[in-house]
Amino acid sequence: LAKTTQPISMDSYEGQEVNITCSHNNIATNDYITWYQQFPSQGPRFIIQGYKTKVTNEVASLFIPADRKSSTLSLPRVSLSDTAVYYCLVGDDYGQNFVFGPGTRLSVLP
Amino acid sequence: ETGVTQTPRHLVMGMTNKKSLKCEQHLGHNAMYWYKQSAKKPLELMFVYNFKEQTENNSVPSRFSPECPNSSHLFLHLHTLQPEDSALYLCASSQDSLFTRGVYNEQFFGPGTRLTVL
Chain A
1 LAKTTQPISM DSYEGQEVNI TCSHNNIATN DYITWYQQFP SQGPRFIIQG
51 YKTKVTNEVA SLFIPADRKS STLSLPRVSL SDTAVYYCLV GDDYGQNFVF
101 GPGTRLSVLP
Chain B
1 ETGVTQTPRH LVMGMTNKKS LKCEQHLGHN AMYWYKQSAK KPLELMFVYN
51 FKEQTENNSV PSRFSPECPN SSHLFLHLHT LQPEDSALYL CASSQDSLFT
101 RGVYNEQFFG PGTRLTVL
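These protein sequence lines map, in sequence, to chains A and B. Per the working numbering, residue 1 is the first one in the first sequence, and the count goes up by one each step. Per the working numbering, residue 1 is the first one in the second sequence, and the count goes up by one each step.
Bound-form chain A, shown alone (with noise of 0.2 Å):
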């Protein structure tokens, strides 16, 4: 099982751009990098996923090193509402070994 390790909190204003770093030392040749948005008192929304290489949506983007041993996602111009914890997931292709890291709380202040 790929491990991973997150900054536990990041603080940042409104219309900043963030960058949360998730390390994967471990990262199997199978393992697919997705990335969770937690609120209080809710579940995990699902944000992005890549494999390697660069991925963007709507919500975010994606930064994946040639080595795959990090991720960064990145959270152009946050708002208050950005406020949760964010979980960088690393898991295999077979569905199984998904396993959620420590995640990093976000603070957006104004």
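It is possible that some hints are incorrect.
27 Å max Cα-Cα, derived DSSO-like pairs, lysine-lysine [stated by the list, open to error]:
{"id": "1", "chain 1": "A", "residue 1": "Lys69", "chain 2": "B", "residue 2": "Lys19"}
{"id": "2", "chain 1": "B", "residue 1": "Lys52", "chain 2": "B", "residue 2": "Lys22"}
{"id": "3", "chain 1": "B", "residue 1": "Lys19", "chain 2": "B", "residue 2": "Lys41"}
{"id": "4", "chain 1": "B", "residue 1": "Lys41", "chain 2": "B", "residue 2": "Lys22"}
{"id": "5", "chain 1": "B", "residue 1": "Lys18", "chain 2": "B", "residue 2": "Lys41"}
{"id": "6", "chain 1": "B", "residue 1": "Lys41", "chain 2": "A", "residue 2": "Lys3"}
Label pairs and their calculated CB-CB ranges [unchecked claim]:
{"id": "7", "chain 1": "B", "residue 1": "Gly14", "chain 2": "A", "residue 2": "Thr5", "range": "36 to 42 Å"}
{"id": "8", "chain 1": "A", "residue 1": "Ser81", "chain 2": "B", "residue 2": "Glu44", "range": "24 to 30 Å"}
{"id": "9", "chain 1": "B", "residue 1": "Thr116", "chain 2": "A", "residue 2": "Asn57", "range": "35 to 41 Å"}
{"id": "10", "chain 1": "B", "residue 1": "Asn70", "chain 2": "A", "residue 2": "Glu17", "range": "42 to 48 Å"}
{"id": "11", "chain 1": "B", "residue 1": "Thr5", "chain 2": "A", "residue 2": "Ser81", "range": "21 to 27 Å"}
Source of the hints: derived by calculation from the structure; they are not laboratory data. Backbone N, C-alpha and C define an ideal beta-carbon position, used for all residues, glycine too.
Based on these hints, arrange chain B on the given structure of chain A.
Chain B in isolation, oriented as in the chain A frame:
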């Protein structure tokens, strides 16, 4: 609203009680999951069901007993729990198991049941 509902939202029980958590998904998914989320700890996968068959049990104590009567419903039966079992229990579903032929099947989570064991 993710299409996954859980009841009850809050539950307080004594260590000798028997209770059940219910999860229902209205998405036509085939795979369902139970997770446990304790304070300041990562989400822990407990059970995985695919097409009503249990495909994973992550060394969960027998005082937690899952049941999946059909692809839309998932239960977690609780008996003789311990105070350290107090946590948020999350249910999730996905179209099929998380990766099917290289295609990622996104998980949709319910709001969770906040369980307190006295």
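> Hint numbers the structure violates, sorted upward?
Replying inline: 1
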